[in-house]
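*Asks:* Given next are the chains, with one letter for each unit.
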Amino acid sequence: MKHKITVALAGNPNAGKTTIFNNLTGSHQHVGNYPGVTVEKKVGKAVYKDTEFTIIDLPGTYSLTAFSAEEMVARAVLIEENIDVVVNVVDASNLERNLNLTAQLKELGLPLIVALNMVDIASSQGISFNYGLLSQLLAVQVIPVTGTKNKGTTELLDAIIDVANNGCSLTAKPVRYEEYIEKQINFLERILPEALYKDFSRSVFLRRWFAIKLLEYDQDILSKLKEQPTYDSVIEQVNICRYLLLQKYKQDPEMLIVEGRYAFIRGACREALSYTPKEQATVTDRIDAIVLNRLLGLPIFLVIMWLLFQMTFTLGNPPMSLIESGFARFADLLNTLMPAGLLKSLIIDGIIGGVGGVIVFLPNILFLFLGISLLEASGYMARAAFVTDRLMHRIGLHGKSFIPMILGFGCSIPAIMATRTLENKRDRFVTMLIVPLMSCGARLPVYTLLTAAFFEKQTAGNILFSVYLVGVLLALIMAKVLRTWILPGESEPFVMELPVYRLPTVKNILMQMWIRAWLYLKKAGTVILAASVITWILFTFPLSGHDLQSYPNTSTQLEQSYAGQLGHLIEPVIRPLGFDWKTGIALVAGFAGKEIVVSTLGTLYSIEDTGSGEINAQESGFAERVREQSGYTPLVAYVLMLFVLIYVPCLATVAIIRHETNNWKWPLFLIGYTLALAWLVSFVVYRAGLLYGLGS
Amino acid sequence: MPSHTLKDMLPGQKAVVVRITGVGAIRRRLLEMGIITGTTVEMVRYAPLGDPLELKVNGALLSVRKEEAALIEILEQKTGEMSSET
Chain A
8 MKHKITVALA GNPNAGKTTI FNNLTGSHQH VGNYPGVTVE KKVGKAVYKD
58 TEFTIIDLPG TYSLTAFSAE EMVARAVLIE ENIDVVVNVV DASNLERNLN
108 LTAQLKELGL PLIVALNMVD IASSQGISFN YGLLSQLLAV QVIPVTGTKN
158 KGTTELLDAI IDVANNGCSL TAKPVRYEEY IEKQINFLER ILPEALYKDF
208 SRSVFLRRWF AIKLLEYDQD ILSKLKEQPT YDSVIEQVNI CRYLLLQKYK
258 QDPEMLIVEG RYAFIRGACR EALSYTPKEQ ATVTDRIDAI VLNRLLGLPI
308 FLVIMWLLFQ MTFTLGNPPM SLIESGFARF ADLLNTLMPA GLLKSLIIDG
358 IIGGVGGVIV FLPNILFLFL GISLLEASGY MARAAFVTDR LMHRIGLHGK
408 SFIPMILGFG CSIPAIMATR TLENKRDRFV TMLIVPLMSC GARLPVYTLL
458 TAAFFEKQTA GNILFSVYLV GVLLALIMAK VLRTWILPGE SEPFVMELPV
508 YRLPTVKNIL MQMWIRAWLY LKKAGTVILA ASVITWILFT FPLSGHDLQS
558 YPNTSTQLEQ SYAGQLGHLI EPVIRPLGFD WKTGIALVAG FAGKEIVVST
608 LGTLYSIEDT GSGEINAQES GFAERVREQS GYTPLVAYVL MLFVLIYVPC
658 LATVAIIRHE TNNWKWPLFL IGYTLALAWL VSFVVYRAGL LYGLGS
Chain B
243 MPSHTLKDML PGQKAVVVRI TGVGAIRRRL LEMGIITGTT VEMVRYAPLG
293 DPLELKVNGA LLSVRKEEAA LIEILEQKTG EMSSET
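Protein chains in written order, with our numbering: chain A, 8 to 703; chain B, 243 to 328.
Hints are computed from structural coordinates only; laboratory data are not their basis.
Each hint should be verified, as a subset may be incorrect.
[Unchecked claim] Stretch-level coverage of chain B by chain A, calculated; a stretch enters the list once three of its residues show a Cβ under 8 Å from a Cβ in chain A:
1) 248 to 256
2) 261 to 273
3) 302 to 312
Keep in mind the model is a prediction, meaning the values are calculated, not measured.
No residue lacks a Cβ here, since even glycine has one placed at the ideal position from N, Cα and C.
Okay, chain B solo, but in the shape it has when bound:
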């Protein structure tokens, strides 16, 4: 299975974080915001201009840029539809 990242999610989908590939400040920031292995993340919406995107993590709303979302590997939950990835 090709590895999915948070960037591939569509609004309304939920997924579980498997791994964070970034380094340095970005990784730290994601960790301290509670995005760690096992966290359930819901993709809420894209910004009006298409980037960044809004996430729901542990009930709180976060915004991340697409390039940052691409660092978060996920396992999508059955409830949402799989994104049609190219």
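Okay, chain A solo, but in the shape it has when bound:
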């Protein structure tokens, strides 16, 4: 009896793999990243009949080729880790295409079980199965399950235990190709260098698998072969085999292999499936007729986006201000309890400020992922991409980039997390890098203050709108630029499944929300906390000594601090934009969060601090003071708005990009390019404004 079994869960996207995974593991899950790639690694534990199961949820793939990071990861886990049993989750309502992966898993030769999911949907489409025959023809054990109702879970676990202990004679029968193709495969099997496959021991047919992959000219396996001393002679034989096949069939070997698999699959389906087409259109057809309608499609999409936005930000805001005031009260309490001094300042301004800054986004993130999970699980997400793809494709992106860009108007953090729905890494990174140009909510206080101070009420609206518009235009231009020069490459094939509409299960949705929220707190939280402490140090040291009481919110202390010195230091650089060193300090402070620009200007222009640190941007006194003391002209104020719009999004955004890309390169690149772009745009607008005599 085995007491520990490692199971790999494989399946097509949308086959219901996540639901089965949740059913098997409950809440005992660990989510991380595969090293070096941004593919998510989900591992869960389960205990059943004295056996401990480790279940690895492989990324959803249609195939085991080497064309995407997901496929490479899935393959690497299957070949290199010690997997006892592979459970292939198969969507019964779409059997042929799903079995294409099954056939490839069979080829790998690991003990395999097919979990036939969504039989209910299939039968509503008029498909019925002869399970025994299907199992026999595929030479794999087939267990019917209904993930959404948690049916068949124990049967599946029993089957896993059985296969892990007794092996399955059934899988000892790989897919057979035509005689002539088999001949080439057998030949290559004999000449393969043993070192190529000897490290991977579990599979029965690994030699055969490597031979087939070489016939298919699989890039990954070819590069593995290159490391072998016999590479030259082996590759020559591979080329001869490929040539012979091309001569005989007038088709390239990849196509032959795929066709061979499909011939096998179609044969099995013809016998084990009976299909009585139903006359009336399916539910999905009927919903799509409205949702993807040529006239209604776009309006419906926009309404759904609006709802998502409202849910994330409007529903998220009350708990957000609750958290904010909670932290403020806690800080006040400490303020009265602790003696004045450095430690107090560190705890209140540095740590509580930092932790509060992390937790404050939590409601947004929970609601966002509630919305996104609903859209994904119901099947609408793919439709949204279908509707917007034409627009996004123009700037070199994918239809799915649209949703993060819209969310960016609320807050960059959830927007960047929403790029997870993009499968192609390049598309995803470009989207992350342009999302911060969509003007987020935290920048609004800056605009409000400056428009109130420097512009007439009648023009204020237009000024504000133009700032947002500049952001959108820059995002579109930057997308094209980044896609062309920084992250070039073939764009992802759009060929995408539009899954059947489904009612999402509450359990799955809650799990999604919980996992996302936890990851956010854990990963982004640590970076943001560290960054807040660093910011605190910059604004606190060196100490000016005597005024610890009112500290550090006095303009003298600010001026003497490292941040203040930084303001002076960068003055020559920002002078051409019409900014002085005080503006410099405010901009440095804005790294922590754009709204902080307002409170820093407040401190610099000696606003009476009410104690809570809250400064009302609309308050007329404040705006007037800024107008009188800053010496800005309306032109400078407008340029400052543009600069605030473009330059480095807040530290939290930088941290989240670091987390999502798993690399420091991209957040640093973001800081660099937004600074350069902000300077450039500000310079052009300022100089052009001066030329047109708008300087006074």
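With chain A's structure known, arrange chain B on it following the hints.
*Replies:* Same frame as chain A, but now just chain B:
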């Protein structure tokens, strides 16, 4: 007969795939989605903005861009009307 591709189909038409001319990732993706020689494909609709288009393949719904559809050579079935190609 000029070779037709999936791009020339009108909503509601059905056709059989004859050949796939693309290379690399796109070709692979089409193959693994079940678009291979002999598959019957139904053109369902265009997206609201005219591109991409939606197909029915083996009962499943797929979306492909026009530029990808142009890689799939087809033989139209008698049931649908031939598209008026220019």
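*Asks:* Can you list which hints this structure breaks, lowest number first?
*Replies:* Of the numbered hints given earlier, the structure breaks just one, which is hint 1.
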